[in-house]
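Enquirer: I would like the entire structure built from these sequences, with the hints used as guidance.
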Amino acid sequence: MLNMRKITKMEEKFNQVKNDLTHIRVRAVYACRVCFQETEGSSQCQGNRNSCSGWSTSPQWTAHYRDDTDGRAGGCAYFWKIECLTGV
186 MLNMRKITKM
196 EEKFNQVKND
206 LTHIRVRAVY
216 ACRVCFQETE
226 GSSQCQGNRN
236 SCSGWSTSPQ
246 WTAHYRDDTD
256 GRAGGCAYFW
266 KIECLTGV
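Numbering-wise, the sequence shown is residues 186 to 273 according to this note's numbering.
Some hints here could point you the wrong way.
Here are the simulated distance ranges between beta carbons [claimed, not checked]:
{"id": "1", "residue 1": "S241", "residue 2": "Y263", "range": "18 to 26 Å"}
{"id": "2", "residue 1": "N235", "residue 2": "L206", "range": "40 to 48 Å"}
{"id": "3", "residue 1": "S228", "residue 2": "F264", "range": "13 to 21 Å"}
{"id": "4", "residue 1": "T242", "residue 2": "K194", "range": "44 to 52 Å"}
{"id": "5", "residue 1": "C217", "residue 2": "G256", "range": "33 to 41 Å"}
{"id": "6", "residue 1": "E196", "residue 2": "K266", "range": "46 to 54 Å"}
It should be emphasised that the hints constitute simulated quantities derived from the structure, not laboratory data.
Only a predicted model underlies this, so the values are computations on that prediction, with no experimental measurement involved.
Quick reminder that beta carbons are idealized off the backbone N, C-alpha and C, glycines included.
Expert: So, in structure tokens, the structure goes:
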């Protein structure tokens, strides 16, 4: 039979674990996509200036990307970001 001291100690441990678990925030990633934005509006940078890939749940490398401008000075300035849908 458990004595009162052991019961009290078990209750203290349980409350400590319970308190620790209430402060843990778990987020699972469900899907991600890659987005880019061209910001200068240069004539060298034709096409879509703000675009995202489709959502994916199986990470893979993207197709290759070649920014081959026409040899003039300047070029295209892009911003890239990864967007993910998350859950709790």
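Enquirer: Hint by hint, where does the structure go against what was stated? Just the numbers, ascending.
Expert: none
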